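Take 1 as the starting number for the sequence shown in the numbering used here and just add one per residue.
Take the hints with a grain of salt, since some may be wrong.
Distance windows between CB atoms, simulated [as the list claims (entries may be wrong)]:
#	residue 1	residue 2	range
1	Y71	G168	18 to 26 Å
2	R383	P265	16 to 24 Å
3	P172	M201	23 to 31 Å
Bear in mind the hints are in silico, worked out from the structure with no lab data behind them. Bear in mind the structure is a predicted one, so any value in this text is a computation, not a measurement. Note that CB positions come from ideal geometry on N, CA and C, so glycine has one too.
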Amino acid sequence: MRLFRPTGHLRPRLPALLGLALCLGGGLPQAGAATPTRTESPALKVAYTSRRVMNAVTVSDDGRVFVSFPYWGGGDTPGPTVAELAPDGTARPYPDAKWNDWATSHDNDHAFVRVNAIRIGPDGKLWVVDSGEANVGGAPNPPTGAKAKLVVIDIATGQVTRTISLAGASTPHTYIDDLRFHGSTLFLTDAGDPGLVVVDMNTGRQRRVLEHARSTTDERPMYAEGQLLISNGRPARVHADQLEVSPDGTKLYFQPSSGPMWVVPTAALEDAGLSPAALEKQVRLFHDTPTTGGTAIDGDGNLYVSDTNLLRILRITPGGQVSTLVADRRLVWADAMWIAHDGALWIPAVQLNRTATFERDGRSHLNLPVAIYRMDLHLRPVR
């Protein structure tokens with residue numbers, strides 16, 4: 001999940017989605033009166049802690065751990081935007097200090113501006129989603145500001161091998177959020193201006209799809225730790241955010257941070273000749289998920305979805321059957337998760353709802369240090 005506040009050009013359609021939830025038998029989504037868990041699970045082990053918020057983690061097949069630090073995280077210690085973690089928890093700027101020194105260089109082509117997501121790709125390289133100087137609420141993004149981009153790093157050499165500008169798929173309200181892979185295609189979410197972005201890595205062509213569709217637009221309240229999520233005095237809104245590709249590559253699951261989760265054939269997304277109306281007809285509701293910070297998917301197609309309200313991780317089978325994997329009071333806004341080569345589930349608990357942006361008094365209530373947890377589940381990772 002990444003930070004976004006509502007923009008004035010969006011028209012909420014909350015009643016329609018509430019009606020959908022009622023028809024599904026789910027009742028009103030995410031009642032704020034729900035009580036978060038107060039227990040701790042012995043299955044949840046602390047992997048790393050930090051005085052700065054780490055909002056994403058990814059682990060290479062040889063066990064190297066990479067994390068990103070969001071600009072909204074606060075904390076009391078300066079440091080890099082992207083880092084490799086040593087076994088003792090030391091964060092080394094990655095790939096080097098210059099790439100992590102935007103404040104000095106203001107070199108958009110050779111520095112990280114605002115990193116939203118990181119992950120080891122199918123090619124074994126580290127992919128970094130940089131939103132640039134996106135304005136995450138209200139006024140349009142500055143026209144002369146740094147634009148969103150993807151940065152690809154060969155972790156064997158520590159060299160940046162490719163930078164992909166996303167300016168061609170951006171609008172004045174875009175906030176590029178996260179990415180997933182399907183062959184030579186990249187799928188990305190736009191949490192600022194609702195939609196998905198499809199990038200053909202062979203041709204460089206970029207297309208926006210499902211723009212302002214019900215499936216990509218946040219239309220209902222968000223809750224965390226039993227409280228309505230408020231930003232600048234208004235209910236917070238995060239549009240298209242989480243996404244996962246099924247292990248067989250045939251389906252893309254996606255959702256706004258508030259839920260619900262939808263599914264669409266990847267072939268439909270990759271068909272540039274399909275009209276917007278025809279594409280929307282292929283989107284199906286998958287599950288009425290709660291407010292979600294992050295997701296993961298295993299090699300058997302089971303989805304892992306964080307519930308920021310009740311402080312738990314849900315497991316949802318490909319058939320839509322849901323169960324609670326773990327409930328733990330330490331899972332305060334569990335964000336971008338990762339299933340490692342050894343089958344462990346890594347879970348950063350980033351406390352987004354406790355940052356100053358989402359506190360009614362405008363002050364940070366982070367309980368430092370924040371932690372990345374892991375569960376040794378022997379899951380089958382997606383290859």
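A quick look at each hint next to the structure:
At about 24 Å, the CB distance of Y71 to G168 agrees with the hint of 18 to 26 Å. For R383 paired with P265, a C-beta distance near 21 Å keeps the hint of 16 to 24 Å intact. Range check, P172 to M201: about 26 Å between beta-carbon atoms, so the 23 to 31 Å window is met.
The structure fails none of the hints (numbered hints given earlier).
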